[in-house]
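Participant: In case you want the letters, here they are:
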Amino acid sequence: MCFVRVARACSAAALMIAASSLAARAQSTSDVFREAESKYMFGFIDGADIGNEGEKAIEYEATGSFQKRGGRYMALEHEFAFEHVPTQNFSYELSAHALTHSISGVEDLDDRSSTQFSGASAKLRYLILGRGPGSPIGLTISAEPEWSRVDGTDGTAVQAYASEFKIVADTELIPNRLYAAINLMYEPEVAKPAETGMWERSSSAGVGLALAYRVTPTVAVGVAAEYDRAYDGLLFQTFQGHALFAGPNVQINITRKVLLAAAFMGQVAGHAVDDPRALDLTNFERYRANLKLEFEF
Amino acid sequence: MTPMTIAKHGLATAALTLGLLFAAPGARAEDTVTVNISMKDHRFQPAELHAPAGKAIVIVVKNLDSGPAEFESNTLRVEKVVTGGGTITLRIRPLEPGRYRFFDDFHPSTEGYLVVK
Numbered sequence: 001m002c003f004v005r006v007a008r009a010c011s012a013a014a015l016m017i018a019a020s021s022l023a024a025r026a027q028s029t030s031d032v033f034r035e036a037e038s039k040y041m042f043g044f045i046d047g048a049d050i051g052n053e054g055e056k057a058i059e060y061e062a063t064g065s066f067q068k069r070g071g072r073y074m075a076l077e078h079e080f081a082f083e084h085v086p087t088q089n090f091s092y093e094l095s096a097h098a099l100t101h102s103i104s105g106v107e108d109l110d111d112r113s114s115t116q117f118s119g120a121s122a123k124l125r126y127l128i129l130g131r132g133p134g135s136p137i138g139l140t141i142s143a144e145p146e147w148s149r150v151d152g153t154d155g156t157a158v159q160a161y162a163s164e165f166k167i168v169a170d171t172e173l174i175p176n177r178l179y180a181a182i183n184l185m186y187e188p189e190v191a192k193p194a195e196t197g198m199w200e201r202s203s204s205a206g207v208g209l210a211l212a213y214r215v216t217p218t219v220a221v222g223v224a225a226e227y228d229r230a231y232d233g234l235l236f237q238t239f240q241g242h243a244l245f246a247g248p249n250v251q252i253n254i255t256r257k258v259l260l261a262a263a264f265m266g267q268v269a270g271h272a273v274d275d276p277r278a279l280d281l282t283n284f285e286r287y288r289a290n291l292k293l294e295f296e297f
Numbered sequence: 001m002t003p004m005t006i007a008k009h010g011l012a013t014a015a016l017t018l019g020l021l022f023a024a025p026g027a028r029a030e031d032t033v034t035v036n037i038s039m040k041d042h043r044f045q046p047a048e049l050h051a052p053a054g055k056a057i058v059i060v061v062k063n064l065d066s067g068p069a070e071f072e073s074n075t076l077r078v079e080k081v082v083t084g085g086g087t088i089t090l091r092i093r094p095l096e097p098g099r100y101r102f103f104d105d106f107h108p109s110t111e112g113y114l115v116v117k
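Those protein sequence lines, which keep their order, are chains D and P.
So the first sequence is residues 1 to 297, counted in this note's numbering.
So the second sequence is residues 1 to 117, counted in this note's numbering.
There are no misleading hints in this set.
Simulated DEER-style distance windows between Cβ atoms:
1) Ala96(D) <-> Val81(P): 24 to 34 Å
2) His42(P) <-> Tyr60(D): 27 to 37 Å
3) Arg91(P) <-> Phe239(D): 48 to 58 Å
4) Ala62(D) <-> Glu96(P): 32 to 42 Å
Because the hints were derived from the structure by calculation, they are not lab data.
Just so you know, these numbers come straight off a predicted model, no measurement behind them.
Backbone N, C-alpha and C fix where the C-beta goes; we use that ideal spot for every residue, glycine too.
Okay, chain D solo, but in the shape it has when bound (with noise of 0.2 Å):
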């Protein structure tokens, strides 16, 4: 079982890097290395940057949730967002989302095959400091409030409102070629499930870095790690489990106003409380994927 997905891992990873050598190769070698944006560049790690002012995109974005205790598992969530930057430093995005389950035989979790509307949610982005002539880091906070009606883990009815906050910092360790990235996370939630009628107050907090390298000037590859820690709890007062995740991403820009970027994890350490198993599989998931797809206009 664990070779199997050790195999999948490596199988994902061999197709993201297949699939940007392919790429590579359909771009003329010639072009120049120029300025690049860097908001998707690291996978499930955030750029700095926010689009130029009077940029428009529409994007869908699927991320998946594979593997726990036992048997079949698969949440996936699918985002169809508008976004669009005002002004030079600020940047806002409003997202509907729907939810996937197919669940068979998983410890401490009901089966499950559906898929339904599971909410709203908007990222606004303010650029602190850009990147570029004058600053070789640039710094952006941004905020996520979400409302969701169907648990992302189990696909229950719930009552839910998170927010996700992040400082996101990036540089260019080689102008124009090698950048890096670091996040810090943290989300507080209220939610109140269906079936007990009772609100529950959690939270997370986590940490990325992560490495981009431009292999042509429209392909960008990557690596990046994630630590995140669960509680119970909106300002981290009982521990539940910390996870560990580290894989590859890619950014392919297809035209100058279509984007292709995905990335993929796997849970490398983790541990939950009250369980003496390896790994976090009650508060996080073994893998996770992600594929985002925008069309500017």
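Assemble chain P onto chain D, guided by the hints.
Facilitator: Quick look at chain P alone, frame taken from chain D:
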């Protein structure tokens, strides 16, 4: 903390964000410089603009070609379409010294620089 308190905190955060967004004082006329550039035969004329550091900049772009162009710059953080024969005005925040590249996104080899000293 109740859900209502969370909602209030969310609103406070949104208010803070909007406050930051609009807190920048309006640029006074004497703190603003205007530079003009035109596009002809898919070239910027002049290809290099100059402006002082620390002052808000207004760039007036005239497209003398018949087809549309899109003035764009990742370091100036602006993009705007200018129709054939049309004119656009872009307001840029005060900048640090350096060379800021801009280009026509519809014809990416058409590029120029704003040199800030």
